[in-house]
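As a plain string of letters, each chain reads:
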Amino acid sequence: MWHILKLKLMVSKSDDEILELFRDETSKEEAFGLLLKKYQERLYWQIRKIVISHDDTDDVLQNTFVKIWKGLGNFHSHSQLFTWMYRIATNESLSFLKEKQRKNFGSANGDVEELLLANLESDPYFDGDNAQIELQKAIIQLPEKQRLVFNMKYFDEMKYDEISAILQTSVGALKASYHHAVKKIEVFLISREV
Amino acid sequence: MKKENPYKVPENYFDNLGEQIKDKIKKEEGLFKDEPEKRSLMIQLKPYMWMAASILTLVIAARLILSVSISPEYKISSTNGGISQTTESIDSTSPEKDVIFFDDLTEVSSEDIIDYLSENDIDTDVLLANL
Chain U
45 MWHILKLKLM VSKSDDEILE LFRDETSKEE AFGLLLKKYQ ERLYWQIRKI
95 VISHDDTDDV LQNTFVKIWK GLGNFHSHSQ LFTWMYRIAT NESLSFLKEK
145 QRKNFGSANG DVEELLLANL ESDPYFDGDN AQIELQKAII QLPEKQRLVF
195 NMKYFDEMKY DEISAILQTS VGALKASYHH AVKKIEVFLI SREV
Chain L
6 MKKENPYKVP ENYFDNLGEQ IKDKIKKEEG LFKDEPEKRS LMIQLKPYMW
56 MAASILTLVI AARLILSVSI SPEYKISSTN GGISQTTESI DSTSPEKDVI
106 FFDDLTEVSS EDIIDYLSEN DIDTDVLLAN L
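Line by line, the protein sequences give chains U and L. Position one of the first sequence corresponds to residue 45 (the numbering used here), numbered consecutively onward. Position one of the second sequence corresponds to residue 6 (the numbering used here), numbered consecutively onward.
Errors might be hidden in some of the hints.
Calculated cross-link-like contacts (lysine-lysine; reagent style DSS-like; alpha-carbon spacing at most 30 Å) [claimed, not checked]: (1) U:K111 <-> U:K57; (2) U:K81 <-> L:K29; (3) L:K27 <-> U:K114; (4) U:K81 <-> L:K31; (5) L:K51 <-> U:K57; (6) U:K147 <-> L:K51; (7) U:K203 <-> L:K8; (8) U:K82 <-> L:K8; (9) U:K81 <-> L:K32; (10) L:K8 <-> U:K81; (11) L:K29 <-> U:K144; (12) L:K32 <-> U:K72; (13) U:K82 <-> L:K27.
Facing chain U, from chain L, some residues (calculated, C-beta under 7 Å) [claimed, not checked]: (14) Y12; (15) K13; (16) K29.
Where chain L lies over chain U, by a calculated footprint (3+ residues, C-beta under 8 Å) [to be verified]: (17) 70 to 83; (18) 126 to 132; (19) 161 to 172; (20) 213 to 225.
FYI, nobody ran anything at the bench for these hints, they're computed from the structure. From a predicted model like this one, the values you see are computed outputs, not experimental measurements. Yeah, the Cβ is synthetic: ideal placement off N, Cα and C, and Gly gets one too.
In isolation and in its complexed conformation, chain U is listed as follows:
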């Protein structure tokens, strides 16, 4: 009981407190542990929606945290910590997909939609009904930016300001992307009679 309470108190440290701990060599690993506990799930889901498969997500998430460990010492708090970590997770996910495209198709211009559909169909950790499967397929066929924006806005209910900071795109452009994404998904679902 006490152990759980202590853990909750530790996890509830603010980002600034964690950063301060990280900058001290004696508490660096403890701070990283707190950061892991605090953000591992949120970053997992950000990555999972981009790469789809759990196994790929696991790889990308681990690489993401390795980069966070390496870069955190140089992080300056002019941007929010979680924004910075989300950006790393997103970039790592997109790089991973490009690398996978290169391996599967011989070039990074290969069909990412095909790749993601294959991931969706083969992933044992997908438990959606037919309508959810169709929605995921509709999202997969979106262009990259629209796919990212739609997932962050629709599923994660993030504010445009937050998405803007992570993707480094203007709020206006994000709103346009989301609008286009919704339209395309509607068309896709109607065509599939969902």
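Knowing the structure of chain U, use the given hints to seat chain L on it.
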């Protein structure tokens, strides 16, 4: 349409994730250090050994110079051990009987002196007290 997340994760996945990531960092980068490496006693004492050796060398050199300049008739013999206490022209009642001749020690390297000191447990305070 339901907005719920259709993706799942293996059971207890997040419970072990942190440790896996730390292990990965440890293996790939060696960034996480295990227990701080314990330095051996000799390594910790090495700087003091060097200091002691230097002081000893100075003492030997100074005493040799003084003894030679004061008593030029002293004949210095050498032994394999490097330290000679024998003189041919001094009898046991001579006031100089306690003089120790360190002729060969001037050619002894600092490493040898350090080894000697570490084996014989001579510390710097004792050396300084004998100056």
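Consistency of the hints with the structure:
no., hint, result
1, U:K111 <-> U:K57, "holds, 22 Å"
2, U:K81 <-> L:K29, "holds, 16 Å"
3, L:K27 <-> U:K114, "holds, 12 Å"
4, U:K81 <-> L:K31, "holds, 18 Å"
5, L:K51 <-> U:K57, "violated, 44 Å"
6, U:K147 <-> L:K51, "violated, 55 Å"
7, U:K203 <-> L:K8, "holds, 17 Å"
8, U:K82 <-> L:K8, "holds, 24 Å"
9, U:K81 <-> L:K32, "holds, 21 Å"
10, L:K8 <-> U:K81, "holds, 26 Å"
11, L:K29 <-> U:K144, "holds, 21 Å"
12, L:K32 <-> U:K72, "holds, 18 Å"
13, U:K82 <-> L:K27, "holds, 15 Å"
14, Y12, "holds, 6 Å"
15, K13, "holds, 4 Å"
16, K29, "holds, 5 Å"
17, 70 to 83, "holds (count 5)"
18, 126 to 132, "violated (count 0)"
19, 161 to 172, "holds (count 5)"
20, 213 to 225, "violated (count 0)"
Consistency note: the structure conflicts with the earlier hints numbered 5, 6, 18 and 20.
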